[in-house]
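Use the sequences and the hints to build the structure in full.
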Amino acid sequence: MLDFIFKQSRFLLFGLLTAFFASYGQTFFISLFNFQIRDSLNITNASFGLIYSAATILSSILLIWFGKLIDKIDLRLFTLIVSIGLSISCFGMYLLKYSPHLIFFVIFGLRFFGQGAMGHTSQTSMARYYNENRGKAISFGSFGQPIGEMILPIIVVIIIKFSNWESVWLYAGTSIIIIFIPLYSFLLKDQAQRHKNFLEQQNKNNSAFDRRDVLKDPRFYIYLPSYLMPPFLVTGLLFYQMHIANEKSWSLELVATSFVFYGIFSVIGLIIGGPLVDKFKTRKIIPTYLIPMFIGIMLLAFRNEPIIMIIYMSLISFSTALAIPFMGSLWAELYGVLNLGSIRSLLHAIGVFSTAISPFLFGLFIDWGLGIMFICFFSLILIGISTLLTFFYMNYR
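Letter 175 of the sequence shown, counting from 1, is numbered 276 in this note's numbering, and no numbers are missing.
To be clear, the hints were calculated from the coordinates, so they are not data collected in a lab.
Even for Gly, the Cβ is constructed at its ideal location relative to N, Cα and C.
The reader is advised that the hints may include incorrect statements.
Derived Cβ-Cβ restraints for the label pairs, each shown as a range [what the hints assert, rightly or not]:
1) K297 with I392: 35 to 45 Å
2) I162 with F299: 23 to 33 Å
3) M343 with D175: 33 to 43 Å
4) F287 with P407: 37 to 47 Å
5) K198 with L435: 44 to 54 Å
6) L435 with K173: 21 to 31 Å
7) I162 with L203: 13 to 23 Å
8) L316 with P407: 42 to 52 Å
9) I106 with G472: 43 to 53 Å
10) N347 with G485: 23 to 33 Å
11) F263 with K385: 42 to 52 Å
Given below as structure tokens:
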């Protein structure tokens, strides 16, 4: 694996950087400002969840169209468009105190350009240009996500301690302009030749699915629930992580520390998941990857000790990390890579749509007084159904 990383280091680093900077639009990052945003707007959990969900739904719809552009235009131009959009959205959050009525558009920009388009850029690029080492490429490129999860919450806590929460977003937008854009421009210097080689290889292989073929394929609906579990459940749980901490009497420092373990176990999951995908058929190992998440949520439901926060975060991150190479490789195995950007944009949009539902739904559960125990049992049932669906399909088809 190390030999592969050294030979392909520049392009793999591009995947890692895009995954890292996508953090600015991820729920784990935005949720760190949940209390501050709600206080400044004077709204309830459910109201903010509704705004967040509506903005995310709109971003998922537009991503279906926008995401397929990565199949049609130069990767460097596509990345530049996404970078500029994300930086503007970060600056919008910084200026929110002056124009609070723009909250919907700011959240939309962060979700669309961050979680949506930037994440789509990372995973599509890593899956498209590799075949035998696809799992390793997806895993390495995705390291940017756990790195962000490990260090960004700590940086946020430090900045807020010495300044204010709005300043975090000023620094975030600036970092995209002065760090990310120059770096990715250097890392993609040989993109024209890489894409030319890819097209020549694809011309030798005429078999390729398009979106219409995928939507007619029963296998798509067998694997879709398992694909949706990590984004749907983890988004909902992390969005209300501070509420969970308050209900369990856990401190902000413990929450920040738990993200370090979240990141560590994400890295472990990616290190393990990539080689497993390259060694075995993805379809054979898909039924196992949600088991750690199931155990973590069960512990969250029944235990209140502070160490449970760290164990729970570690286990859900492990499953979420396994999902990246597992599910990323699955779609390439099933449907080919020629139209992968178009197919992945559809999948990414569905995944983003699922992340729009859970904050609003979990917010309703909380406002109705149902509590974390109910949310945990609800989550466990969904995981069980999704896992059994892929297990029985694999063994009895």
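>> Run through the hints listed earlier and report the numbers of any the structure violates, in increasing order.
In response: none
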